[in-house]
Each structure stands twice: as structure tokens, then as C-alpha cells.
Amino acid sequence: MAYVLALLAALANALSAIFQRIGVQNAPADTVMSVRLIRHAFSNAIWFLGLAMIVVGFLLQAGALHYGQLSSVQPLVTTELLFLVLILGAWFRYHLGWKEWGGSGAAAGGLATFLVVAAPGGGNVIPTRHTWIVVFVVIGAVSAGCTALGFTGPRWFRAAMFGSAGAVLFALAAALTKQFTNLLTEGWVHVVTDWVPYALLATGVIGLFLIQSSFHAGPITSSQAAITIIDPIVSVVIGIYLFHDRLETAGWRLPVEVVAIVVVVAGVLLLSMSPLVAGAKDESGKGDKLVRRPRQGLAPGSA
Numbered sequence: 168m169a170y171v172l173a174l175l176a177a178l179a180n181a182l183s184a185i186f187q188r189i190g191v192q193n194a195p196a197d198t199v200m201s202v203r204l205i206r207h208a209f210s211n212a213i214w215f216l217g218l219a220m221i222v223v224g225f226l227l228q229a230g231a232l233h234y235g236q237l238s239s240v241q242p243l244v245t246t247e248l249l250f251l252v253l254i255l256g257a258w259f260r261y262h263l264g265w266k267e268w269g270g271s272g273a274a275a276g277g278l279a280t281f282l283v284v285a286a287p288g289g290g291n292v293i294p295t296r297h298t299w300i301v302v303f304v305v306i307g308a309v310s311a312g313c314t315a316l317g318f319t320g321p322r323w324f325r326a327a328m329f330g331s332a333g334a335v336l337f338a339l340a341a342a343l344t345k346q347f348t349n350l351l352t353e354g355w356v357h358v359v360t361d362w363v364p365y366a367l368l369a370t371g372v373i374g375l376f377l378i379q380s381s382f383h384a385g386p387i388t389s390s391q392a393a394i395t396i397i398d399p400i401v402s403v404v405i406g407i408y409l410f411h412d413r414l415e416t417a418g419w420r421l422p423v424e425v426v427a428i429v430v431v432v433a434g435v436l437l438l439s440m441s442p443l444v445a446g447a448k449d450e451s452g453k454g455d456k457l458v459r460r461p462r463q464g465l466a467p468g469s470a
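Letter by letter, the sequence shown follows residues 168 to 470 of the numbering used here.
I should point out that these hints are in silico values taken from the structure, not numbers from a laboratory.
C-beta atoms are modelled at their ideal positions from N, C-alpha and C, and glycine is treated no differently.
Where hints are given, some of them may not hold.
What the hints assert, rightly or not - Here are the simulated distance ranges between beta carbons: (1) V301 x H357: 22 to 32 angstroms; (2) F215 x Y408: 46 to 56 angstroms; (3) A286 x L316: 10 to 20 angstroms; (4) T360 x V305: 18 to 28 angstroms; (5) G320 x R420: 33 to 43 angstroms; (6) A417 x T360: 41 to 51 angstroms; (7) W355 x W268: 20 to 30 angstroms; (8) W355 x G269: 44 to 54 angstroms; (9) T360 x L421: 18 to 28 angstroms; (10) W268 x W362: 30 to 40 angstroms; (11) V404 x V283: 12 to 22 angstroms.
Claimed, not checked - Keeping only pairs whose Cα atoms sit at most 20 angstroms apart, straight-line, the calculated SDA-like set for lysine to any residue is: (12) K266 x G276; (13) K266 x G256; (14) K266 x I254; (15) K266 x M440; (16) K266 x A433; (17) K266 x A286; (18) K266 x V430; (19) K266 x V429; (20) K266 x L436; (21) K266 x F250; (22) K266 x V432.
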């Protein structure tokens with residue numbers, strides 16, 4: 168049940184990424200990390216469709232986290248990029264080449280291998296206030312550092328840094344979501360009076376703002392790869408520390424798990440370089456249509 172809900176959440180997130188990308192990509196260049204970027208997004212109805220898909224994805228993810236471990240559910244977010252490429256391929260009727268098939272096979276195969284070999288379990292420990300404080304301090308410092316770096320370097324680097332800053336916050340939001348679902352079982356009084364839902368809301372809003380800046384700062388190739396890789400890795404670490412998620416690592420398992428993660432990362436990077444992703448750009452002039460630029464017409468660092 169947890170895996171099915173997580174995969175459906177990944178599909179919703181892929182649709183959200185497409186719609187949000189359309190909604191912000193025509194904004195003026197000087198609106199990165201500015202409230203004017205959100206104002207521009209609000210002027211495009213399709214951005215709200217992306218926002219709706221975020222809500223759908225969140226509900227599906229919450230259900231998955233309620234039934235499963237953080238360290239097993241969040242790695243399935245890597246299938247978001249797989250769904251993104253497949254959706255763009257179907258949308259544009261574009262031939263899927265070796266990058267698409269190879270990247271998809273590596274990402275899916277590596278992920279399946281990791282989940283089978285690691286056999287995630289546990290995850291039933293209720294975090295203490297001290298462990299939450301440690302996580303907030305570390306994640307806050309990492310996110311702030313990536314955000315600062317997002318104002319430097321070439322466009323691809325800025326997109327990757329803003330994406331990384333948002334990704335670590337989304338990993339924290341996933342942990343808060345798991346805690347939130349536990350609160351729901353105790354009644355709405357506990358939900359309203361507890362700090363978790365308010366921290367979840369704040370973390371989600373800030374993370375969303377950083378992701379919008381990531382989409383606008385540079386190629387979706389860089390932003391989506393950073394988001395897709397960093398979120399699940401950070402989530403596994405948080406899950407082990409906060410909820411005492413258990414991964415089987417004895418004997419031959421650990422080397423196989425490391426190789427599986429490397430294969431997943433390689434697959435995600437290969438998918439992120441697909442022309443279906445790198446060449447997806449709105450050229451309608453209105454911000455309400457997604458059209459593919461010819462592969463040979465792409466300038467370095469474009470999209």
C-alpha cells in the first residue's frame with residue numbers, strides 16, 4: 168500500500184513540475200528569489216493546476232508515510248523524473264532514445280534493488296524534542312548555504328543550488344508529514360495544539376518558494392536532477408536518525424545497496440540530460456503552452 172501511494176505521489180509531483188515550470192519560466196530574469204516571481208505565477212492559471220497537483224501529491228505522500236517508513240517511501244520520489252520524461256515524451260510524441268530508456272531502467276532497477284536488499288523496517292520511534300531541534304538546525308544550515316550559493320555561478324549551478332535548498336526542506340517536510348499523520352490518530356485537538364502542522368506549513372511554503380526560484384534560475388535539467396537526487400537521500404538519513412528506520416546492511420547487503428544508489432543517481436542524471444527535459448520550454452509568449460524546441464536549436468545552458 169505504501170509503495171503504491173508513493174508512486175502515485177511521484178506521478179502527481181511530475182505533473183506539478185511541468186505545470187509550475189510553464190507558470191514561471193516567462194517571468195522577468197530579475198524576479199528570482201522575489202515575491203514578484205510568485206505574483207507572476209499567480210497570473211497563469213496553469214500554475215494553479217500545478218499547485219493543485221502538489222496538494223494531491225502531498226495527500227498521497229502522507230498516506231504512504233503513514234503506512235511505510237520514511238527511508239522506504241521517499242526514495243520512490245526518484246521515479247518522479249521517470250514520470251516527467253515519459254509524460255513529456257507522450258505529450259510531444261517524441262521518440263524515446265537510449266538516454267530515456269537507459270536512465271529509466273537504471274533509476275527503476277537501482278531503486279528496486281535498494282528496496283529489496285535494504286528491506287526497510289522499524290520507523291515506529293516517536294522523535295524527541297532534542298532530535299527535532301538537531302534536524303532543524305542541520306537542515307536549516309544546509310538550506311541557507313545552498314540558497315546563498317544560488318546567487319553565484321552560471322545558470323545551471325544557480326538552478327541546482329536553489330533546487331538543493333528546496334529539496335532538503337522537502338525532506339524535512341516529509342518527516343514532519345509522517346509525524347503529522349501520527350497526530351491525526353490522536354484527534355484534531357492534538358493537531359491544532361501541536362507545533363508540527365505549523366512547522367510543516369512554514370517548511371512547505373519556504374521549500375516551494377525555493378523550488379520556484381530553481382525552475383526560473385536555470386535549466387530544468389539541473390533543478391529537477393538536484394531535487395530528485397537530494398530529497399530521498401536526505402530523507403533516508405532523517406528517517407534513520409529521527410524515527411529509527413532500520414536498513415539491513417549486514418554482510419554483502421551494504422556494498423550492493425551502495426552500488427544500487429549509485430545506479431539510481433546515474434539513471435537520474437541520464438534522464439535529466441534527456442532532450443525531452445532539457446528542451447522543454449514555453450515559447451508561446453503567453454506562458455500557457457508547452458512546446459518543444461528542436462534539439463539542434465538548443466544553445467548551451469538554455470531552457
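| request: Using the beta carbons of V404 and V283, state whether their distance is inside 12 to 22 angstroms or not. | output: 20 angstroms, holds
| Holds or violated: K266 with I254, Cα cutoff 20 angstroms? | Status holds; Cα separation ~15 angstroms.
| request: Below or equal to 20 angstroms on CA atoms is what counts here, so check K266 against A286. | output: 29 angstroms, violated
| said: Looking only at beta-carbon atoms, does the pair V301, H357 fall within the given range of 22 to 32 angstroms? | reply: Holds - the Cβ-Cβ distance for V301 and H357, about 23 angstroms, lies within 22 to 32 angstroms.
| When you check the alpha-carbon spacing of K266 and V432, does it fall within 20 angstroms? | Distance ~14 angstroms between K266 and V432 Cα, so the pair holds.
| said: 46 to 56 angstroms was suggested as the range; check whether the CB atoms of F215 and Y408 agree with it. | reply: Check failed, 36 angstroms falls outside 46 to 56 angstroms.
| task | Could you tell me whether the CB distance from A286 to L316 stays inside 10 to 20 angstroms? | result | 36 angstroms, violated
| task | Would you mind confirming whether the straight-line C-alpha gap from K266 to V429 stays at or under 20 angstroms? | result | Status holds; Cα separation ~17 angstroms.
| field | Consistency of beta-carbon spacing, W268 to W355, with hint 20 to 30 angstroms | value | 48 angstroms, violated
| task | Verify the proposed pairing of K266 with L436, using a straight-line Cα cut of 20 angstroms. | result | 10 angstroms, holds
| message | Does F250 sit within 20 angstroms of K266, going by the straight-line distance between their CA atoms? | response | Holds, at about 14 angstroms.
| query | Straight-line Cα separation of K266 and A433 no greater than 20 angstroms? | reply | Holds - the C-alpha atoms of A433 and K266 are around 11 angstroms apart, at most 20 angstroms.
Going through the hint list in order, the structure does not satisfy hints 2, 3, 7, 9, 10 and 17.
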